[in-house]
Amino acid sequence: MASDRISVMVTSGNREQLQMAAMVASVGAVSGSDVTVFLSMNALKFFVKDSSEKAPAEGEMGALLEDKNAPDFMELFGQAVEYGDAKIFPCSMAVDILGVKQDELKSFVSEPLGLTAFLSDASEGQVWHF
Amino acid sequence: MSERKLVDAKNTFCPGPLMELIGQMKMAEIGDELEILSTDQGSANDIPEWINKVGHEMVESFEKEGVWHIVVKKTK
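Residue numbers (our numbering), protein chains in the order written: chain A, 22 to 151; chain B, -14 to 61.
Keep in mind that the hints were calculated from the coordinates and are not lab data.
Treat each hint with caution, since some may be false.
As the list claims (entries may be wrong) - Simulated DEER-style distance windows between Cβ atoms:
(1) Asn37/B <-> Ile118/A: 41 to 47 Å
(2) Asp88/A <-> His54/B: 24 to 30 Å
(3) Lys61/B <-> Gly146/A: 23 to 29 Å
(4) Asn30/B <-> Leu85/A: 16 to 22 Å
(5) Lys122/A <-> Val56/B: 44 to 50 Å
(6) Phe47/B <-> Gly135/A: 46 to 52 Å
(7) Val39/B <-> Ala84/A: 32 to 38 Å
(8) Ser73/A <-> Val39/B: 34 to 40 Å
(9) Glu14/B <-> Glu96/A: 21 to 27 Å
To be verified - Dumping the calculated DSBU-like pairs for lysine-lysine here, alpha-carbon to alpha-carbon at most 30 Å:
(10) Lys127/A <-> Lys11/B
(11) Lys(-5)/B <-> Lys89/A
(12) Lys89/A <-> Lys(-10)/B
(13) Lys108/A <-> Lys127/A
From the three backbone atoms N, C-alpha and C, an ideal C-beta is built for every residue, glycine too.
Make a model of the complete structure from these sequences and hints.
Encoded structure:
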C-alpha cells in the first residue's frame, strides 16, 4: 500500500467543522496515510483535558449530528491516534495565547508544534483546512 | 482456530461503524472473520472501500431488514 501524507489544519470552533476534520483525520489515518493534525485558533480550547465546553452547532446539521448519535469528534480524533498513528499537534502560538501546558491537553495530543514545522510537513501531501 | 465475531454498530453514523470494526480487527487473530452490522448506508459503502484499500479480504456483504452485514477476513 502506498503511503501518503494528509495534513489537517483545524481552526474552527464549530461542531460541523470539528466533526469533518475528525472524520478526515481518522479515516485517513486508518487507511494507511500519515496524518498530521494542527490545532489552532478556536479549535484548541476543546482539547483541554478538563474542558466540558461543547462545540456549538453552526447550523441544522450540527444539531442533527448530536440528535442522531454520530460519533463524537473528540472520540474520532482519539481513534485517529490510537488506530491509525495520527499525530495531533497543538499550535505553539495558540498554546501560549490560551495559556495551557501540554499536560493540560488531552492525552492523545502531542507536544506543541510551530507553524514553520507544520508547513514543512504539509508541503509533501494533501492539505485540508477546517 | 478461526471464528466469526459479530460487531454490532447499528444506530450510529459514518465513520462510527468503521472505527468499531477497526477496534475489533486490532484484537482479532489473522484468519478470523468479523461480521459488522450497520444501519448507516454510508458505512455500508465505505467499509468495503476500506477493506479493499487496506488489503483485508471481503467475504460477503448483504442487506437484511434494513441492516447491512459486511463480513471481512483479517489477512494481516
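We went through each hint and held it up to the structure:
no.	hint	result
1	Asn37/B <-> Ile118/A: 41 to 47 Å	holds, 44 Å
2	Asp88/A <-> His54/B: 24 to 30 Å	holds, 26 Å
3	Lys61/B <-> Gly146/A: 23 to 29 Å	holds, 24 Å
4	Asn30/B <-> Leu85/A: 16 to 22 Å	holds, 20 Å
5	Lys122/A <-> Val56/B: 44 to 50 Å	holds, 47 Å
6	Phe47/B <-> Gly135/A: 46 to 52 Å	holds, 50 Å
7	Val39/B <-> Ala84/A: 32 to 38 Å	holds, 34 Å
8	Ser73/A <-> Val39/B: 34 to 40 Å	holds, 36 Å
9	Glu14/B <-> Glu96/A: 21 to 27 Å	holds, 26 Å
10	Lys127/A <-> Lys11/B	holds, 23 Å
11	Lys(-5)/B <-> Lys89/A	holds, 12 Å
12	Lys89/A <-> Lys(-10)/B	holds, 26 Å
13	Lys108/A <-> Lys127/A	holds, 13 Å
Violated hints for the displayed structure: none, as all numbered hints are satisfied.
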